[in-house]
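Peer 1: Now for the letters of each chain:
Number of protein chains: 4
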Amino acid sequence: MTVHPTASIAARSAASVVTGSTPDTQVTSAAPSSTSAASIPGTPASAVITACRACTATIPSIVKASRIAWQSSTFSDMPTVAFLGLGAIGTPMARHLAAADLGLRVWNRTAAKAAAFSAEHRAIHAVTPAAAADGADVVITCLPVSADVESLCDGPDGLLATLRPGSVLVDCTSGDPATSRRLAARCAAQGVAFLDAPVSGGVAGAEQAALTVMVGGDAAVLERVRPVLAVFGKKIVHCGGVGAGDAVKAVNNALLALHLWSTAEGLAALTQAGVRPEVALDVINTSSGRSNASMNLFPERVLTRAFPRTFRLALLDKDVGIAAGVAREQKVATPMLQLTAELFRAAHVALGEEADHVEVVKWVERLTGTVIE
Amino acid sequence: MTVHPTASIAARSAASVVTGSTPDTQVTSAAPSSTSAASIPGTPASAVITACRACTATIPSIVKASRIAWQSSTFSDMPTVAFLGLGAIGTPMARHLAAADLGLRVWNRTAAKAAAFSAEHRAIHAVTPAAAADGADVVITCLPVSADVESLCDGPDGLLATLRPGSVLVDCTSGDPATSRRLAARCAAQGVAFLDAPVSGGVAGAEQAALTVMVGGDAAVLERVRPVLAVFGKKIVHCGGVGAGDAVKAVNNALLALHLWSTAEGLAALTQAGVRPEVALDVINTSSGRSNASMNLFPERVLTRAFPRTFRLALLDKDVGIAAGVAREQKVATPMLQLTAELFRAAHVALGEEADHVEVVKWVERLTGTVIE
Amino acid sequence: MTVHPTASIAARSAASVVTGSTPDTQVTSAAPSSTSAASIPGTPASAVITACRACTATIPSIVKASRIAWQSSTFSDMPTVAFLGLGAIGTPMARHLAAADLGLRVWNRTAAKAAAFSAEHRAIHAVTPAAAADGADVVITCLPVSADVESLCDGPDGLLATLRPGSVLVDCTSGDPATSRRLAARCAAQGVAFLDAPVSGGVAGAEQAALTVMVGGDAAVLERVRPVLAVFGKKIVHCGGVGAGDAVKAVNNALLALHLWSTAEGLAALTQAGVRPEVALDVINTSSGRSNASMNLFPERVLTRAFPRTFRLALLDKDVGIAAGVAREQKVATPMLQLTAELFRAAHVALGEEADHVEVVKWVERLTGTVIE
Amino acid sequence: MTVHPTASIAARSAASVVTGSTPDTQVTSAAPSSTSAASIPGTPASAVITACRACTATIPSIVKASRIAWQSSTFSDMPTVAFLGLGAIGTPMARHLAAADLGLRVWNRTAAKAAAFSAEHRAIHAVTPAAAADGADVVITCLPVSADVESLCDGPDGLLATLRPGSVLVDCTSGDPATSRRLAARCAAQGVAFLDAPVSGGVAGAEQAALTVMVGGDAAVLERVRPVLAVFGKKIVHCGGVGAGDAVKAVNNALLALHLWSTAEGLAALTQAGVRPEVALDVINTSSGRSNASMNLFPERVLTRAFPRTFRLALLDKDVGIAAGVAREQKVATPMLQLTAELFRAAHVALGEEADHVEVVKWVERLTGTVIE
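Protein chains in written order, with my numbering: chain U, 4 to 376; chain A, 4 to 376; chain X, 4 to 376; chain L, 4 to 376.
Simulated from the structure, these hints should not be mistaken for lab results. Mixed in with the good hints, there may be bad ones.
Remember, identical chains collapse to one label, so a pair may be satisfied in a single copy or spanning two.
Stated by the list, open to error - No more than 20 Å apart at the CA atoms, straight line, and that leaves these computed lysine to aspartate or glutamate pairs for EDC-like:
1. K116 <-> D151
2. K238 <-> E281
3. K334 <-> D151
4. K334 <-> E357
5. K334 <-> E376
6. K365 <-> E376
7. K238 <-> E210
8. K237 <-> D160
9. K238 <-> D221
Work the whole structure out from these sequences, hints included.
Peer 2: Listed below in structure tokens is the structure:
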């Protein structure tokens, strides 16, 4: 292999829109020219190739190191990476991967988003999960819930139709351990390794390639894909077997949820008792009751009444539910965690699908007849 | 005894034990000299004055500023301060006051402790609360619970027997607002101002004169005594009317309790799911689920199994109860806070009076059949 | 006096509207004729007297027995009874007392109600609490909350202005033990006995003179007033010292609240799982999960969507709060009871002052997106 | 068929110990004589047959009606029934089935129990689940948990190896809906119908053939097997699709658990407040706070300190967990139910596997430092 695999990307990207469904029947819908990598008709693919050549110098050193790592790994070449799920977090993650020269293919349920992405970055638009996974060394999924990942695996257009033995499915979804274990078993049946690898750090962390990646699965497999994860992750932690990454992510988020609610309760009571919430926060944040919620979310989002929509309450509700489920599965009595799950479930029902997670404070305000401002 | 003004302390402690009980019957054990700056008529001030002169250079600048402040305050002279309650937090607080040249009198239920203190520091040992308060401008109490303060007020030996109009009772106990309001009303009836002024920062904060002081009561009264509070407090916050300081302190501590328990639950579940707790904490502490409990208490005290006894669970149980009571009094629904109160109550019953607050984690471990290490 | 004291009632009712405020200044506003006992101008008082004579034969045997009991009690004569609080429960209670020929005086905050009552029954309308209590042997209060009773005691028009030594204040309010103990202490200071004696059985029980009366206070005092309580109570239980009646009533009602909510939760979950709630109730009510809530309230009021307004949620919220407070005061960890207090508090805020207690099920429905029908 | 199918039972029971594993390979271990139906060597099988003939007259009328029902059902003959799980509830259920002349085969994990049963009743001892199910029209399982039923299905000795199309698997285990749905799917794949049919009524109900049977699954299938269920069930209720029976049973038991705990909390608080628990129960049981727990379990088992071991806490903990899981699966916020699950989990850990469910009150006593007696 060469250090700069433009040629191979070009070769692969000869078929800009990959539509194949099973390994042997996979065909490219149109491959008229090596200069066309665009998935949207009329977009000059040469731009992609050119961009690829042009930007090499700007690839960050971590990625350069990655290349060397890959040379000594079990992959015989630079890994080819597929990325599925161009959401708020997934898009900046994919952007870093695109810049890292990894023969990136992208898939998204709403195809236009993937098409637009591939038009702007060094990436090929795959029209099915199977097409994305076909020939990929590392397939990364980043979707709302585990069930979405499961649904991408099935059928002739699914990931499992083309994932080849020796490849790795890295699921960056904030998933649930039970589904991850099921996915891992299905992957293992065809020689594919599986890692659950949810990320934390939010959109900002994703944009700065500074995510924390919590990994569950085989440690050796993690070492093989670590250079790829390092493209967008700053802290990559092996948490345990399959599902352990999901579990740690869910518990972290459940603690966020819990502290958000507990601080809201405390401030509501104090507000009613005549204490201004900024005064209370000023004290709490230099004392023992402080948390990420009190130090950052309340001053920036609640007291200001800004409540920006950065992370949906619906997703945090899901995460708390996963954490509560992990505790139940382990038969660990966790009254506070379980209560949090119920409170967030009711808040989610009351506030709807679009509410931001911090808006749960508005629900506490409504239940208590208080405004924390 | 130290390099610091032995002679003067020795001189002063000639009248070290003040035994008076009511204003008119109170007497000093010895009153030899007219150089007396003591606030109790007839007390030999020379020792005090000498001491005062001798150590001026070492008095921190905040105290120098305090003196000026007092000169311009409604008190006609430097305030005389009494301190009651030489516990783990109270003793270092009193030490700073002794060093600040404020004619300090100290009282403690176990008299030997006050006697020893006065032998070592520039302070007079008062054998009754009334003797301590007699002639004092500022009386500071620092006791386990509000009821203790109330009991110090009553009877011929009580504070209210000698507290003079214009003086201020500053209660640094982590008290409850209802009792504080009752105390304030009783003080007001004889022209004495009352501030509830619980502190946070622990023994370390007290020793470094770096406490946070949460003050409830009249803001103008706080301004008058602020220089005295500044002797041991780094951050002095006016929280609202009488009881507001108590309320803020209680809510802060309830959040500490809540986060201690929530983190224990999360780590117990993860431990059972095969994740090592230090790995989970490593992730949580760089993510959104972090709190003072996860960042400091678990790494330093739980994972190490050190569980040093720095702050009793019994007292934290009391604080959570106060916070829960504030919410109830305000008719603010706080399911999480109330559940915390119940969990800590049961843990307190199970672990006993001497257990440290962090040992509540051991109770979670027992309930869940887990060890977080 | 005679066994049938019509004459004495007439004599007393010569002054139909008693307005006196202190024992010695008490005067009657108008006493034109012994045939006029009506407090509403124009209402022929003779009707009352006639009714009195006419109905003697219908006085239940329990009351006849009572008369004998009173003759042998420490009261030198048949007791004179005052009743304050003509609400939904109080009115039928007072009706039985009126029929029992006990020289009844009635007071109500909205005076028109007391006036109307005295026009229809053998009762004198007292325009102040003091007037009602003046000369009464037994004063019965039945008000929404303990604080209402406390407010009736104070001032020149208050109960304590006229309650004479040896008399008994029986508080049938669903009160709180702490206030009852305060009331008892104030009564004791002037030689008046106090019993907290909340009732259960609802409006129907009150109308059928079939109430359960839970009594706290001195057992000997209860024996003295038992014949009076027996006029409206079927089961009269001495629960313990002052406040014990309140505590038992509050805990009973808290269990009602708790079971109402728990059954709603269970049925909401089953409804969502495809089970019709009447089928589930059919099973539960022949099985171990049954309660008064499942056996009576759900079939009659929820499945029918009738939700009649018989007992306000606001009052049940208050009762749960009292029970939760008793547990807290006793330092008894009661997570379920405390959670119930929080859930009912929030429901009360959400549903308002007029909602019936069973309407809390509508709140559970809203939180869970379910209709139990 | 004949009305009295003794002959056919005799024919079937020719092989007293059925050991076959698959339909075509199934063999009888020994079938020397039609007079030997005993599974324990040396036990005269004739006794079984004789008993069969002798007791016909005592078969209750419900069973006689059942026979007629079966004639009109899809089964071409009287149904042959297998019963697996001779526990505390299962044994009396099986006894009624044996008396009902239904060609009963019994299996139990501890074989000696099944052997003893078949020696005493008209039943054949099957040494494997497959042998029990082989040729059976209705297979009834009654085991601790759903996972036990699942494990009986697998492998060459499992139920699914011999269950024939058209037969019905009726699972009387207090199971969980998810496993029941999985079992139903596996059964359906080979033409076997599945009903989840947990029972309530306890040992006494089972002995009196007065159980309540909660049935999930196809209503028509229930009608076919209703006569068999009527042998031990007094009230047979169709709750909904597969899993609905489990769900109703679990919710009923969760309410039992919840009321047990709530009543314990209330009585602990009252006891500490000086009220004797029998007095409190006397009031509650004539008032609105009553439940099966307060009316039966506390008077009979707690106040007497008898705590007989009739139903294990471990199983009630499991049931509450199932109910909590149903609510979670349906995304229905159920804070009280979930809290109950946590409290019972911790109690189960603390009290161990053998504790009776009512002993959870002892745990509440320990947590609160109270004895309810």
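Peer 1: Against this structure, judge whether each hint is valid.
Peer 2: Comparing the hints with the structure gives:
no., hint, in the structure
1, K116 <-> D151, "within (17 Å within a copy, 49 Å between copies)"
2, K238 <-> E281, "between (33 Å within a copy, 15 Å between copies)"
3, K334 <-> D151, "between (27 Å within a copy, 18 Å between copies)"
4, K334 <-> E357, "between (33 Å within a copy, 18 Å between copies)"
5, K334 <-> E376, "between (40 Å within a copy, 19 Å between copies)"
6, K365 <-> E376, "within (11 Å within a copy, 30 Å between copies)"
7, K238 <-> E210, "within (15 Å within a copy, 37 Å between copies)"
8, K237 <-> D160, "neither (33 Å within a copy, 54 Å between copies)"
9, K238 <-> D221, "within (18 Å within a copy, 50 Å between copies)"
When held up to the earlier numbered hints, the structure conflicts with hint 8 and nothing else.
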